[in-house]
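Q: Listed below are the residues making up each chain.
There are 2 protein chains.
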Amino acid sequence: MDALKNRIIKDGVILQKDVLKVDSFLNHQIDTAFMHQIGAEFKKRFEDCDVTKILTIEASGIAVSFATSQFFNFAPVVFAKKGTANNMSEQSYHSSVHSYTRNQDFVVSVAKQYLKPTDKVLILDDFLAQGEALGALISIVSQAGCQLVGCGIVIEKAYQKGGKELRAQGVRIESLVRIMKMSEEGIEFC
Amino acid sequence: MDALKNRIIKDGVILQKDVLKVDSFLNHQIDTAFMHQIGAEFKKRFEDCDVTKILTIEASGIAVSFATSQFFNFAPVVFAKKGTANNMSEQSYHSSVHSYTRNQDFVVSVAKQYLKPTDKVLILDDFLAQGEALGALISIVSQAGCQLVGCGIVIEKAYQKGGKELRAQGVRIESLVRIMKMSEEGIEFC
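From first to last, the protein sequence lines stand for chains A and B.
Last residue of the first sequence? That's 379 in our numbering, and every number before it is there in order.
Last residue of the second sequence? That's 379 in our numbering, and every number before it is there in order.
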């Protein structure tokens, strides 16, 4: 998606070699008009899929999912909540995630009533790197017995293992941009 | 907003006398079509205002704000992040919040670059009860020297002090529904 590449080049900030900040339009301040373009692009990529539910994770997946829902007949968006093992209840599906950015583990959960075996689920998230968060969402879809139609990612760090490992397991992943290499000098896309 | 009252009566769940769960359409699963109606209603309430930015707080304010942004010429949405005092940086505005639900304090922060003195800010949130979160967002708008055009709330618990205290300070608050009384037997709206 060229518009996204250009936006990342224009507004993205690279910190400490491996951190790409896109705070100005994606995950702190949200450019809602641009999110509509992203939603339209996900529609193109998953046009063949009959999506009944969009699953994401708080907080930065919510805007992307909201924008995309409008292109899938307003399919409801469910966002997994982050918490600790203490918050786990029998009414929810859970999966644990290791955050490499923060070097800590947390648990993501979704109330069982919002994912039914008849659901066809599209998972969306802003970033894919090590694949921890995405793996947890896929596990929750599997626990619920839903059909996973695929995963849509705004920015994939293709030099990290997440995308490769999950694709090897047969998961369909569509990333709007894939970064091959990144350093303080700039970004190379795949 | 009658559609919202009816939706709360139909789908809201009251727990422990004072907890209203609207997880099925507002803050875990999101009914994105219904959020559009909510956005349109906020547009009506703040039609006279020239809004340049919408400020909210993660995570459940994001969908409401996204939906509303479309009715204000896609004004950017900024969501305050929740963290602890350890995460505070000089590049951000901060305000502390006491959560009565969780009985703990946390810090909300917004990067300084996303709120400019020329901004006319509409604050949006899903709930108003004790007014802690809303007060923190108002403080951040004030620290940034922006003009606060008003606050839009989806559900106000009018029997708690937040709305009353903030209105007494001259803050314009528009709540789409106001709950006068709530118990396991049901809800009375103002």
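Calculated directly from the structure, the hints in this document are not laboratory data.
Be careful, since some hints might not be right.
Note that the list lumps identical chains together, so a pair holds whenever it fits in one copy or between two copies.
Said to hold, decoys possible - Once the Cα atoms are required to be at most 30 angstroms apart in a straight line, the calculated DSS-like pairs of lysine-lysine come out as: (1) K206 x K233; (2) K232 x K206; (3) K301 x K194; (4) K301 x K206; (5) K301 x K270; (6) K305 x K370; (7) K309 x K370; (8) K301 x K271; (9) K309 x K206; (10) K199 x K309; (11) K194 x K305; (12) K353 x K305; (13) K270 x K350; (14) K210 x K305.
Q: The structure should be examined with respect to each hint, and the outcome stated for every one.
A: Quick rundown of the hints versus the structure:
In this assembly of identical chains, the alpha carbons of K206 and K233 never lie at most 30 angstroms apart, being 32 angstroms within a copy and 46 angstroms across copies at closest. Taking the shortest alpha-carbon separations for K232 and K206, neither the intra-copy value of 32 angstroms nor the inter-copy value of 43 angstroms comes in at or below 30 angstroms. For a Cα distance limit of 30 angstroms, the shortest separation of K301 from K194 across copies, 25 angstroms, qualifies, whereas the shortest one inside one copy, 37 angstroms, does not. Taking the shortest Cα distances, K301 and K206 sit within 30 angstroms of each other only across copies (23 angstroms), while inside one copy they are farther apart (40 angstroms).
Both within a single protomer and between protomers do K301 and K270 lie at most 30 angstroms apart by alpha-carbon distance, with minima of 13 angstroms and 27 angstroms respectively. When the C-alpha separation of K305 and K370 is checked against a cutoff of 30 angstroms, the pair qualifies neither within a copy, at 39 angstroms, nor between copies, at 34 angstroms. Proximity of K309 and K370 under a CA criterion of 30 angstroms is satisfied in neither setting, with 34 angstroms inside one chain copy and 39 angstroms between copies. Taking the shortest alpha-carbon separations for K301 and K271, both the intra-copy value of 15 angstroms and the inter-copy value of 26 angstroms come in at or below 30 angstroms.
Taking the shortest Cα distances, K309 and K206 never come within 30 angstroms of each other, neither inside one copy (38 angstroms) nor across copies (36 angstroms). In this assembly of identical chains, the alpha carbons of K199 and K309 lie at most 30 angstroms apart only when taken from different copies (25 angstroms versus 36 angstroms within one copy). Proximity of K194 and K305 under a CA criterion of 30 angstroms is satisfied inter-copy only: 27 angstroms between copies versus 36 angstroms inside one chain copy. Taking CA atoms no more than 30 angstroms apart as the test, K353 paired with K305 passes inside one copy only; the shortest distance there is 28 angstroms, against 42 angstroms between copies.
In this assembly of identical chains, K270 and K350 lie within 30 angstroms of each other by CA distance both inside one copy and across copies; the values are 24 angstroms within and 28 angstroms between. In this assembly of identical chains, K210 and K305 lie within 30 angstroms of each other by CA distance solely across copies; the values are 20 angstroms between and 35 angstroms within a copy.
This entry does not satisfy hints 1, 2, 6, 7 and 9, going by the numbered hints stated previously.
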